[in-house]
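**Q** Below, each chain spelled out in residue letters.
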Amino acid sequence: MAARQITFEPDDRYHAFLTVCRKAPHGDGKLTSVAIAVKDNISTQGIETTCASKILKGYIPPYDAHAVTLLKGAGAAIAGKTNMDEFGMGTTTENSAYGPTLNPCDPARVPGGSSGGSAAAVAAGMVRMALGTDTGGSIRCPAAFCGIIGLKPTYGRVSRYGLIAYANSLEQIGPMARTVSDVSLLMSVIAGHDRRDSTSYDRPYTHMPSAEIRGLKIGIPQEYFGAGVDPKVAGVVRKAIGRLEELGATTLPCNIPSMEYALAAYYVTCTSEASSNLARFDGVRYGPAADTKKPWHDAFREVRRAGFGTEIRRRIMLGTFALSSGYYGKYYAKAQVARENVRKDFARILDNVDVICGPTMPTIAFRFGEKSDPLSMYLSDILTVPVNLAGIPAISVPCGKVDGMPVGLQVMGRPFEDERVIDTAFAYEQAVKG
Amino acid sequence: MTGGEIIVGLEVHCQLDTKSKLFCGCSTDYRDDGPNTHVCPICLGLPGSMPVLNRRAIEYAIRVAKALDCTVIQESEFSRKNYFYPDLDKAYQITQYDKPLAEGGYLEIEGDDGRERRVQLTRIHVEEDPGRLVHMGNAERGRYSLVDYNRAGIPLIEIVTEPDMRSPKEARRFLNKLRATLEYLAVFDSEKEGSLRVDANISIKGSERVEIKNITSYKGVEKALTFEVTRQKNLIRRGHAVNRETRHFLEARGITQSARSKEQEHDYRYFPEPDLRPLHVQSWVPDITLPELPDARRERFMAQYGCSLNHARTLTGDLRLANFFETVVAGDPKGLSSLAATWTADTLIGELNYRDVSLDALDAASFSALLTLLKNGTITDKSGIEVLRVMLDQRLRGEPADTPNAIVDRMGVRKITATLHPAHKSIPSGNVPDPVTAAISDVLKEQQKAVEDYRGGKKEAFNFLVGQVMKKTRGCADPAELNRLLAEELKKET
Numbered sequence: 004m005a006a007r008q009i010t011f012e013p014d015d016r017y018h019a020f021l022t023v024c025r026k027a028p029h030g031d032g033k034l035t036s037v038a039i040a041v042k043d044n045i046s047t048q049g050i051e052t053t054c055a056s057k058i059l060k061g062y063i064p065p066y067d068a069h070a071v072t073l074l075k076g077a078g079a080a081i082a083g084k085t086n087m088d089e090f091g092m093g094t095t096t097e098n099s100a101y102g103p104t105l106n107p108c109d110p111a112r113v114p115g116g117s118s119g120g121s122a123a124a125v126a127a128g129m130v131r132m133a134l135g136t137d138t139g140g141s142i143r144c145p146a147a148f149c150g151i152i153g154l155k156p157t158y159g160r161v162s163r164y165g166l167i168a169y170a171n172s173l174e175q176i177g178p179m180a181r182t183v184s185d186v187s188l189l190m191s192v193i194a195g196h197d198r199r200d201s202t203s204y205d206r207p208y209t210h211m212p213s214a215e216i217r218g219l220k221i222g223i224p225q226e227y228f229g230a231g232v233d234p235k236v237a238g239v240v241r242k243a244i245g246r247l248e249e250l251g252a253t254t255l256p257c258n259i260p261s262m263e264y265a266l267a268a269y270y271v272t273c274t275s276e277a278s279s280n281l282a283r284f285d286g287v288r289y290g291p292a293a294d295t296k297k298p299w300h301d302a303f304r305e306v307r308r309a310g311f312g313t314e315i316r317r318r319i320m321l322g323t324f325a326l327s328s329g330y331y332g333k334y335y336a337k338a339q340v341a342r343e344n345v346r347k348d349f350a351r352i353l354d355n356v357d358v359i360c361g362p363t364m365p366t367i368a369f370r371f372g373e374k375s376d377p378l379s380m381y382l383s384d385i386l387t388v389p390v391n392l393a394g395i396p397a398i399s400v401p402c403g404k405v406d407g408m409p410v411g412l413q414v415m416g417r418p419f420e421d422e423r424v425i426d427t428a429f430a431y432e433q434a435v436k437g
Numbered sequence: 003m004t005g006g007e008i009i010v011g012l013e014v015h016c017q018l019d020t021k022s023k024l025f026c027g028c029s030t031d032y033r034d035d036g037p038n039t040h041v042c043p044i045c046l047g048l049p050g051s052m053p054v055l056n057r058r059a060i061e062y063a064i065r066v067a068k069a070l071d072c073t074v075i076q077e078s079e080f081s082r083k084n085y086f087y088p089d090l091d092k093a094y095q096i097t098q099y100d101k102p103l104a105e106g107g108y109l110e111i112e113g114d115d116g117r118e119r120r121v122q123l124t125r126i127h128v129e130e131d132p133g134r135l136v137h138m139g140n141a142e143r144g145r146y147s148l149v150d151y152n153r154a155g156i157p158l159i160e161i162v163t164e165p166d167m168r169s170p171k172e173a174r175r176f177l178n179k180l181r182a183t184l185e186y187l188a189v190f191d192s193e194k195e196g197s198l199r200v201d202a203n204i205s206i207k208g209s210e211r212v213e214i215k216n217i218t219s220y221k222g223v224e225k226a227l228t229f230e231v232t233r234q235k236n237l238i239r240r241g242h243a244v245n246r247e248t249r250h251f252l253e254a255r256g257i258t259q260s261a262r263s264k265e266q267e268h269d270y271r272y273f274p275e276p277d278l279r280p281l282h283v284q285s286w287v288p289d290i291t292l293p294e295l296p297d298a299r300r301e302r303f304m305a306q307y308g309c310s311l312n313h314a315r316t317l318t319g320d321l322r323l324a325n326f327f328e329t330v331v332a333g334d335p336k337g338l339s340s341l342a343a344t345w346t347a348d349t350l351i352g353e354l355n356y357r358d359v360s361l362d363a364l365d366a367a368s369f370s371a372l373l374t375l376l377k378n379g380t381i382t383d384k385s386g387i388e389v390l391r392v393m394l395d396q397r398l399r400g401e402p403a404d405t406p407n408a409i410v411d412r413m414g415v416r417k418i419t420a421t422l423h424p425a426h427k428s429i430p431s432g433n434v435p436d437p438v439t440a441a442i443s444d445v446l447k448e449q450q451k452a453v454e455d456y457r458g459g460k461k462e463a464f465n466f467l468v469g470q471v472m473k474k475t476r477g478c479a480d481p482a483e484l485n486r487l488l489a490e491e492l493k494k495e496t
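Here the protein sequences come in this chain order: A and B. Going by the working numbering, the letters in the first sequence line up with residues 4 to 437, in that order. Going by the working numbering, the letters in the second sequence line up with residues 3 to 496, in that order.
There could be a bad hint or two in this list.
[Unchecked claim] Quick partial rundown of chain A residues pointing at chain B, CB under 8 Å, derived from the structure: (1) TYR101; (2) TYR164; (3) LEU166; (4) ILE167; (5) ARG198; (6) HIS300; (7) PHE303; (8) GLY332.
[Stated by the list, open to error] Coverage of chain A stretches by chain B, computed from C-beta distances (three or more under 8 Å per stretch; other residues unrestricted): (9) 62 to 76; (10) 272 to 280; (11) 321 to 331.
Don't read these hints as lab results, they were simulated from the structure. All C-beta atoms in this analysis are idealised placements derived from N, C-alpha and C, irrespective of residue type, glycine included.
Could you build all of it, start to finish, from the sequences and the hints given here?
**A** Shown next as structure tokens:
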């Protein structure tokens with residue numbers, strides 16, 4: 004059988020890609036010869052995978068992530084590896100060791116992050132679809148900022164095997180595309196059980212999107228339209244929800260009191276897990292080694308200091324502190340309690356409504372350098388992280404513009420009801436199509 | 003003051019003898035292969051790889067928990083123990099922390115007073131072995147070290163005892179008993195190098211506790227503890243405090259040495275392993291059947307074979323030895339049991355230890371044949387030992403193994419008795435005496451002085467004369483008969 008391949012030579016003026024596969028082989032299936040961009044924290048056999056970090060420069064995985072195996076099985080061509088915030092730590096893709104990605108809607112602005120490269124590649128039309136990963140909004144934020152669609156699946160619905168872990172208990176691989184149908188199609192390829200991921204569920208996705216949402220009950224959490232949310236963004240999103248009501252949905256106001264602690268719980272949890280996950284990058288097995296004759300602990304320190312960016316080191320320090328003896332109870336354990344409260348709040352609300360809607364991001368895409376202190380950057384994740392804490396599915400679909408920049412409508416649903424959030428987004432997309 | 007009481011607690015790490023590693027499919031049979039040949043993305047901790055729990059390892063651990071009367075916890079959980087070390091592929095070890103697999107339980111051992119007593123257990127948990135460093139040159143000043151990840155991910159159980167042992171000897175007996183129990187359960191192979199590692203906590207009542215890390219042999223545990231007892235008692239006697247610290251055991255020198263302070267400051271930052279689900283395996287317990295365990299087998303050996311308590315303890319204290327014994331006597335339990343108990347537990351073990359070889363050196367059938375010769379009176383005990391030595395040496399040298407019978411013939415050590423000797427029947431008609439009678443009369447002639455001593459009341463002289471006759475018959479005379487005949491002869495000539 005002759006190996007078939009596509010030629011992929013994108014005009015990457017936005018620096019969406021870290022690696023481009025100019026000759027990309029493909030097989031047959033649902034996605035025959037479709038060029039798909041893969042975020043650089045997803046392992047691809049034979050293709051350098053760096054997580055946009057210097058510490059993994061030159062690392063070529065000897066195996067494919069489960070999602071990549073499934074893509075190949077469906078006939079897709081792996082077109083390249085996309086830029087991101089180093090190890091997924093960021094909201095802008097500015098934290099890449101290899102330089103930022105630009106937003107195709109306005110190159111003076113960030114594409115969002117951390118899956119900024121995947122979003123830009125899709126938004127600029129370089130590829131039809133891409134894989135991103137979402138730990139605290141990393142698919143939905145760049146989808147919203149770049150005006151495309153991105154789904155964070157229910158935790159456990161897509162295998163994480165081969166996803167280079169940042170925060171295991173929070174993150175999922177998910178589809179990004181310019182249409183809801185394509186997001187749904189890609190989801191149907193990557194979802195399903197994988198025995199190599201002990202947290203994965205046997206819940207395959209075989210859904211065809213339906214625009215019929217009459218009778219759909221939508222919860223509108225007050226916290227998603229309150230302080231910190233740009234009123235212009237809130238306005239656009241309210242209008243979009245109005246459109247859903249015109250299609251037969253009803254809305255119900257609700258509250259998520261645990262939101263107050265969500266951001267803190269999220270950052271304690273993700274930095275704790277990251278401090279452990281990233282400890283293995285010591286220069287012994289892969290990545291650049293320190294040229295040193297020093298004792299191993301000094302050598303490790305040198306490798307890590309030189310290899311990790313500022314934000315990574317900050318989060319490793321935070322997580323290490325949160326897990327330290329004497330502080331574990333104050334931070335990590337408390338964060339898990341707060342997390343459980345977030346889960347309960349969502350469960351309670353989703354008892355009464357089918358989906359919850361609000362803005363994906365509190366603002367439109369920032370200008371480069373606009374957010375310089377880490378805290379205000381972290382605050383911009385406030386509307387996306389609760390979903391990861393609760394493990395529920397959420398989609399971001401473009402719903403209008405503010406100052407010429409796209410705004411994302413976020414639709415959140417019950418665990419394993421990814422189909423319903425996709426239908427809601429699909430109904431909106433079809434209604435505004437023209 | 004009750005000072006001086008020794009308090010010992012152990013943390014015993016045993017490799018579970020599964021076919022594949024704890025979290026991946028790599029083979030555990032790595033010992034004869036080159037470095038880093040039994041590895042995959044998971045046990046190398048490659049980015050993105052995830053652990054998948056080996057259910058067989060959990061089943062093995064539950065078998066141990068059940069045998070030791072531990073309570074398997076309703077929900078247990080894996081945690082990460084974070085620390086940097088070049089042999090630790092992920093920079094954390096997946097282990098169990100505040101929710102171990104099982105808690106409580108006990109193991110009965112022979113106490114220093116000879117009575118059975120219980121050592122209470124704290125917990126049993128499951129964890130993965132790290133890789134291994136090979137230092138080129140010595141560890142302190144070697145030029146570099148190489149890392150071998152073949153061992154990374156081998157399943158371990160850690161058994162933690164309460165501080166219930168009162169001497170280094172008791173600790174040793176605990177380990178021997180534990181080893182036997184694990185081998186009976188078919189979850190552990192003590193012959194595999196590095197399959198057991200022990201951390202020992204020891205204190206003298208009223209003083210601080212010292213932890214001795216990573217002792218790798220059964221003997222080593224007793225040695226290290228004995229050294230510590232002396233060291234700590236000396237400190238106390240001189241009025242110094244015992245520091246609470248971690249020490250290493252230097253096996254070659256038989257001493258313990260304070261670990262560097264850096265090594266004592268670990269904060270392992272345990273937290274639940276997010277890539278594994280909590281374990282709910284209490285329901286497995288009823289379905290796990292246990293084989294006969296050492297204590298039950300010991301009782302059975304006493305009842306069924308009439309073994310003494312000590313022999314039964316020795317024989318059942320080692321699975322291979324117990325199986326060997328039962329195979330040896332299988333053909334003739336009535337005739338061989340008593341002989342086999344003594345000859346296996348005392349003689350054979352002594353000869354094996356002397357040669358520093360395992361029981362594999364001898365097959366049960368040959369040993370059984372040797373015992374049959376003894377039972378039938380074909381050879382004396384003394385000759386039996388000579389024959390056994392030849393049997394062992396032939397096997398160790400890789401020579402063809404003769405039957406015990408053939409060895410007896412070649413050595414000419416068939417037992418000589420005056421009454422059964424062909425010459426005995428000819429006494430009435432001829433002048434040719436049997437070899438035993440002849441030897442007696444020769445000795446009586448040659449050892450006039452001893453004979454006189456004996457007759458003069460020095461009864462010890464009798465044993466000397468027996469020895470002389472034995473020498474002349476090359477140990478082949480029947481000792482009972484020889485005693486009788488010699489006594490008769492000495493009476494006769496008065």
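**Q** Starting from the hint list further up, note which numbers the structure goes against and sort them upward.
**A** 1, 8
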